[in-house]
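Novice: In order, the protein sequences belong to chains Y and H.
Position in the first sequence counted from 1, then plus 733, gives you the working numbering.
Position in the second sequence counted from 1, then plus 733, gives you the working numbering.
A couple of the hints might just be wrong.
Chain copies aren't distinguished; within one or between two, either way the pair holds.
[What the hints assert, rightly or not] Calculated lysine-lysine pairs in the PhoX-like style (CA-CA distance at most 20 Å, straight line):
{"hint": "1", "residue 1": "LYS813", "residue 2": "LYS934"}
{"hint": "2", "residue 1": "LYS810", "residue 2": "LYS747"}
{"hint": "3", "residue 1": "LYS1001", "residue 2": "LYS747"}
{"hint": "4", "residue 1": "LYS803", "residue 2": "LYS813"}
{"hint": "5", "residue 1": "LYS777", "residue 2": "LYS736"}
{"hint": "6", "residue 1": "LYS907", "residue 2": "LYS884"}
{"hint": "7", "residue 1": "LYS980", "residue 2": "LYS813"}
{"hint": "8", "residue 1": "LYS746", "residue 2": "LYS963"}
{"hint": "9", "residue 1": "LYS873", "residue 2": "LYS963"}
{"hint": "10", "residue 1": "LYS934", "residue 2": "LYS1001"}
{"hint": "11", "residue 1": "LYS934", "residue 2": "LYS907"}
{"hint": "12", "residue 1": "LYS884", "residue 2": "LYS958"}
{"hint": "13", "residue 1": "LYS777", "residue 2": "LYS907"}
{"hint": "14", "residue 1": "LYS990", "residue 2": "LYS934"}
{"hint": "15", "residue 1": "LYS990", "residue 2": "LYS1001"}
{"hint": "16", "residue 1": "LYS810", "residue 2": "LYS990"}
{"hint": "17", "residue 1": "LYS980", "residue 2": "LYS736"}
Since the hints were derived computationally from the structure, they do not count as laboratory data.
2 protein chains.
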Amino acid sequence: MTKEQLFQNILRKKSFLCVGLDTDIKKIPEHLLKEEDPIFAFNKAIIDATQDLCIAYKPNLAFYESLGVKGWIAFEKTVKYIKTQYPDQFIIADAKRGDIGNTSAMYARSFFEELDIDSVTVAPYMGEDSVSPFLTYPGKWVILLALTSNKGSHDFQLTADTEGERLFEKVLRKSQQWAGDDQMMYVVGATQGRAFEDIRKIVPDHFLLVPGVGAQGGSLEEVCKYGMNKQCGLIVNSSRGIIYVDKSEAFAEASRKAAQEVQAQMAKQLEERLL
Amino acid sequence: MTKEQLFQNILRKKSFLCVGLDTDIKKIPEHLLKEEDPIFAFNKAIIDATQDLCIAYKPNLAFYESLGVKGWIAFEKTVKYIKTQYPDQFIIADAKRGDIGNTSAMYARSFFEELDIDSVTVAPYMGEDSVSPFLTYPGKWVILLALTSNKGSHDFQLTADTEGERLFEKVLRKSQQWAGDDQMMYVVGATQGRAFEDIRKIVPDHFLLVPGVGAQGGSLEEVCKYGMNKQCGLIVNSSRGIIYVDKSEAFAEASRKAAQEVQAQMAKQLEERLL
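So that you can see chain Y by itself, here it is in the shape it has in the complex (with noise of 0.2 Å):
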């Protein structure tokens, strides 16, 4: 999917909400267990019931691989799924990977060949060589870590070297020798609150995949205040605020009313900022 592709999409939707597919087997609605596959009929009701009102969906790569062999075909199964039914939802794979080259080239194979993914997320700490075998597909996109919605970002991440550039900042420039804004994005948390604006400064142009709104505190106004651009610039996640707001059988339409609040809070944004 190109920038452009993406920014219509979040027109025609009014909204620039990924939901985040964080599925656990303990927390789904109990009904659903009786099902052959629980995890894979859960994420199904979940994107039927929002994807009018979404942009994108982010499986987290953890919630599948600590059921073993049984997630991962749940995640393909919702891999696939989204693709032919919805296939103009943005998918990313929230994997925050990062090896030698001739590993990370082994990832991006994994996800970008075989299962056709749009984006994954990839942990910066390596440097150039293990960013850089992800970016040898053409319109698929690297979400790079730069400065994260927990309250561990600040025991690296804002460490400013001799020069008084913090770490996050430097991630943020010195990929931008790698690849532009066709093909890097960056995760910046909601609860970043004002650093959004130096982050502004220094990639003006990029979509920023944005986690931490909802169950981690991030305000959405903040965010579309410090970080929107006349793109929008911005993917914003909820995952638990919008898959877990309810347990019984009514739990997808619970879901649906969650996102359409959150997608309402966008509409206003964007006719404020941007339209």
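Got chain Y; can you put chain H on it based on the hints?
Specialist: For chain H alone, kept in the frame of chain Y given last:
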């Protein structure tokens, strides 16, 4: 496995070799492709041929994930085979994971509970709460990326802060507040040479997992000179240099010979520096 057990295995086998099971369907001997599970068939043959010469096996998850469900089955069968046939082997899931707390907890559950693997490699970029969920399993190990073997290690890991501390040094120092040398090891690439001296000043007693000897150009002698401590403190990995030396039907025997050569060098290093 405890640190002392690991050390005893090293003394008994006169080896601190880890065989990296980076098993690529495109690189294994052709005659194996007839097997029902070629990846497992290859791994089993390599393991049987090298198990008395090494103290650890390190499957890199990328190579298994790239095959999807089939790859996960091969990975699980490989882990089970090692655990039942050669229970004194230390198993390292080379996964380089690291995510927000509840997600890292899912990965920990996957590797430590479901598969009962001894250790997982973890990336430090997201800080303490991305690592600590892996530390709640007694007897299990986190192997944290510190200074890796690839060219890209220069992009961020060597950046010094305002007090002159480089990022990899900060990772070593800070992470000691999260766990001791009975639960934490560090990845330090064999290509880093003299940096082992600086590293041993910060973590004198920890085990280091050292990739990059062989194909990547690191020197075993240099690693031992600057990195070995009184409990050896080194697990040196070789992947391509052992598992892909021959593509004929006699590949396992050739791998055994390659492992024997490395083990003989290790025995010499242990004798000179330790015994």
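Novice: The structure should be examined with respect to each hint, and the outcome stated for every one.
Specialist: Hint by hint, here is what the structure shows:
With identical chains, the CA atoms of LYS813 and LYS934 are never at most 20 Å apart, being 38 Å at best within one copy and 51 Å at best between copies. For the identical chains of this complex, LYS810 and LYS747 are neighbours neither inside a copy (28 Å) nor across copies (47 Å), given an alpha-carbon limit of 20 Å. For the identical chains of this complex, LYS1001 and LYS747 are intra-copy neighbours only, at 9 Å inside a copy versus 68 Å across copies, given an alpha-carbon limit of 20 Å. In this homomeric assembly, LYS803 and LYS813 come within 20 Å of each other (Cα to Cα) both inside a single copy, at 16 Å, and across copies, at 17 Å.
Neither within a single protomer nor between protomers do LYS777 and LYS736 lie at most 20 Å apart by alpha-carbon distance, with minima of 26 Å and 46 Å respectively. In this assembly of identical chains, LYS907 and LYS884 lie within 20 Å of each other by CA distance solely across copies; the values are 14 Å between and 24 Å within a copy. Neither within a single protomer nor between protomers do LYS980 and LYS813 lie at most 20 Å apart by alpha-carbon distance, with minima of 25 Å and 36 Å respectively. Taking the closest pair of Cα atoms, LYS746 and LYS963 come within 20 Å of each other only inside a single copy of the chain (17 Å); across copies the shortest separation is 64 Å, beyond that limit.
Neither within a single protomer nor between protomers do LYS873 and LYS963 lie at most 20 Å apart by alpha-carbon distance, with minima of 22 Å and 49 Å respectively. Proximity of LYS934 and LYS1001 under a CA criterion of 20 Å is satisfied in neither setting, with 25 Å inside one chain copy and 56 Å between copies. Only within a single protomer do LYS934 and LYS907 lie at most 20 Å apart by alpha-carbon distance; the minimum there is 14 Å, versus 30 Å between protomers. Neither within a single protomer nor between protomers do LYS884 and LYS958 lie at most 20 Å apart by alpha-carbon distance, with minima of 22 Å and 39 Å respectively.
Taking the shortest Cα distances, LYS777 and LYS907 never come within 20 Å of each other, neither inside one copy (39 Å) nor across copies (42 Å). In this assembly of identical chains, the alpha carbons of LYS990 and LYS934 never lie at most 20 Å apart, being 36 Å within a copy and 56 Å across copies at closest. In this assembly of identical chains, LYS990 and LYS1001 lie within 20 Å of each other by CA distance solely inside one copy; the values are 17 Å within and 68 Å between copies. Taking identical chains as interchangeable, the C-alpha atoms of LYS810 and LYS990 are never at most 20 Å apart, the minima being 25 Å within one chain and 43 Å between chains.
In the homo-oligomer, the alpha carbons of LYS980 and LYS736 never lie at most 20 Å apart, since the shortest distance is 36 Å inside one protomer and 45 Å across protomers.
The structure does not agree with the numbered hints 1, 2, 5, 7, 9, 10, 12, 13, 14, 16 and 17 stated previously, though it agrees with the rest.
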